[in-house]
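**Q** Quick note: the sequence shown uses full-length UniProt numbering, first residue 1, plus one each step.
Certain hints may be false.
Beta-carbon label-pair distances, calculated as ranges [claimed, not checked]:
no.	residue 1	residue 2	range
1	30	63	18 to 24 Å
2	3	44	38 to 44 Å
3	94	46	16 to 22 Å
4	63	9	19 to 25 Å
5	94	52	26 to 32 Å
6	66	24	37 to 43 Å
7	93	56	36 to 42 Å
In case anyone wonders, no lab produced these hints; they're calculated from the structure. Small disclaimer: the values here were computed from a predicted structure and weren't measured. The beta-carbon is built from N, C-alpha and C at its ideal position, and this holds for glycine as well.
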Amino acid sequence: MRKQLEHLETMAGHPSVEVQVIPHRAGPHAGLAGSFVLFGFPDGTFSDVVCVEHRTGTLYMETPKETEEYTLIFDSLRSIALSPGDSLDLIAQVRREL
1 MRKQLEHLET MAGHPSVEVQ VIPHRAGPHA GLAGSFVLFG FPDGTFSDVV
51 CVEHRTGTLY METPKETEEY TLIFDSLRSI ALSPGDSLDL IAQVRREL
């Protein structure tokens with residue numbers, strides 16, 4: 001686990017990567033329902049796409065209603081997460097304690 005945390009710290013140093021941690025004290029939140037990936041294409045070349053993986057396969061959603069719902073979930077998760085700096089501090093603290 002220490003190596004995984006070190007890798008997160010390294011990746012957070014890349015300009016296109018932002019790491020944010022949701023602390024336990026945040027309590028129950030929308031992210032507990034399962035993971036998803038939200039692909040956004042700001043230049044408008046492609047529509048946003050949500051990818052949800054299940055035991056039986058992968059579901060891709062592209063309609064505005066579906067992507068808007070996951071965008072709201074993502075925004076709510078970011079709002080309860082620690083800042084990138086505080087997240088890295090927590091990751092470093094946990095790594096040191098291992």
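**Q** Would you pick out the hints that fail for this structure and give their numbers low to high?
**A** 3, 4 and 6
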